[in-house]
Amino acid sequence: EADIYQTPRYLVIGTGKKITLECSQTMGHDKMYWYQQDPGMELHLIHYSYGVNSTEKGDLSSESTVSRIRTEHFPLTLESARPSHTSQYLCASSEYPEGPRYSPLHFGNGTRLTVT
Amino acid sequence: GDSVTQMEGPVTLSEEAFLTINCTYTATGYPSLFWYVQYPGEGLQLLLKATKADDKGSNKGFEATYRKETTSFHLEKGSVQVSDSAVYFCALSSTSGTYKYIFGTGTRLKVLA
Chain W
1 EADIYQTPRY
11 LVIGTGKKIT
21 LECSQTMGHD
31 KMYWYQQDPG
41 MELHLIHYSY
51 GVNSTEKGDL
61 SSESTVSRIR
71 TEHFPLTLES
81 ARPSHTSQYL
91 CASSEYPEGP
101 RYSPLHFGNG
111 TRLTVT
Chain R
1001 GDSVTQMEGP
1011 VTLSEEAFLT
1021 INCTYTATGY
1031 PSLFWYVQYP
1041 GEGLQLLLKA
1051 TKADDKGSNK
1061 GFEATYRKET
1071 TSFHLEKGSV
1081 QVSDSAVYFC
1091 ALSSTSGTYK
1101 YIFGTGTRLK
1111 VLA
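So the protein sequences, as listed, match chains W and R. Residues 1 to 116 (the working numbering) make up the first sequence, in order. Residues 1001 to 1113 (the working numbering) make up the second sequence, in order.
Careful: at least some of the hints might be erroneous.
As the list claims (entries may be wrong) - The calculated SDA-like cross-link candidates involving lysine to any residue, where the alpha carbons are at most 25 Å apart (straight line), are:
#1 R:K1100 x W:T15
#2 R:K1100 x W:L78
#3 R:K1100 x W:V115
#4 R:K1068 x R:K1110
Said to hold, decoys possible - Pairwise CB distance ranges (calculated):
#5 R:T1012 x W:H73: 38 to 44 Å
#6 R:E1015 x W:D30: 28 to 34 Å
#7 R:A1053 x W:G28: 28 to 34 Å
#8 W:T26 x R:A1113: 24 to 30 Å
#9 W:D30 x R:G1009: 31 to 37 Å
#10 W:S84 x R:G1001: 34 to 40 Å
Just so you know, these hints were derived from the structure itself, not from any lab. Note that beta-carbon positions come from the ideal geometry of N, C-alpha and C, so glycine has one too.
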């Protein structure tokens, strides 16, 4: 069951275009994340958010930006797409943990971006 | 810092074979541990989890036990099916207080009929 939604699923766009990848979740989770997944499958955290008006850069440097104006919405924007941005982008969310019990991440189905 | 080391793939097995995918971790404190599965064209799905030492997570015939003494969380299944073909990721919740999750590099499993 998909409680976290990403659109579009596939996007082919030319170099220099501005794009926004959408991510929404209906679970009321405070924490949200964006991962970039390379063809070798490895996941790289590029942005995360602890809640409304909170955003942080992840472990992998990215030219993208994010915003968190509403709890359920965490869009990712590329101001000027380049071929090096071609990748799969995965959005995820989780609840705040209760004590030491971390809740798992819930993932969307991803957006596969190709920049020509 | 925290890290996860996962068995490299691809792993190719015949249907009904026994599966083990090794996962070891490095962390200060007591992380929660997870296995995720990714089918082609989809995002990751939680397969199972364990939140403290000696916990056994299980789901759909898969099992993994949180072994603090060996810092391991190996994934096992007694009899794999073609439908189990996917990429499997081991992960832990960071103990640094940042609410981040650390993933292994993924292991691709292919099961042949």
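(message) Does the beta carbon distance between E1015 (chain R) and D30 (chain W) stay inside 28 to 34 Å, or does it fall outside?
(response) 42 Å, violated
(message) Looking only at beta-carbon atoms, does the pair D30 (chain W), G1009 (chain R) fall within the given range of 31 to 37 Å?
(response) The hint (31 to 37 Å, Cβ to Cβ) holds, given that D30 (chain W) and G1009 (chain R) are roughly 34 Å apart.
(message) Does the beta carbon distance between A1053 (chain R) and G28 (chain W) stay inside 28 to 34 Å, or does it fall outside?
(response) Hint holds: Cβ distance 31 Å, inside 28 to 34 Å.
(message) Can you tell me whether the CB distance of S84 (chain W) to G1001 (chain R) sits inside 34 to 40 Å?
(response) At 26 Å between Cβs, range violated.
(request) Starting from the range 24 to 30 Å, see whether the pair T26 (chain W) and A1113 (chain R) falls in it by beta-carbon distance. (result) 38 Å, violated
(message) K1068 (chain R) and K1110 (chain R) were given as a pair; does the straight-line alpha-carbon distance stay at or below 25 Å?
(response) 29 Å, violated
(message) Check the hint pairing K1100 (chain R) with T15 (chain W) against an upper bound of 25 Å on the C-alpha distance.
(response) 32 Å, violated
(message) Holds or violated: K1100 (chain R) and L78 (chain W), Cα atoms, limit 25 Å.
(response) 23 Å, holds
(message) Against the 25 Å threshold, does the CA-CA distance of K1100 (chain R) and V115 (chain W) hold or violate the hint?
(response) With a Cα-Cα distance of about 29 Å, the restraint between K1100 (chain R) and V115 (chain W) is violated, given a limit of 25 Å.
(request) Just tell me: holds or violated, for the beta carbon distance of T1012 (chain R) and H73 (chain W) against 38 to 44 Å? (result) 41 Å, holds
Hint violations for this structure: numbers 1, 3, 4, 6, 8 and 10, all remaining hints satisfied.
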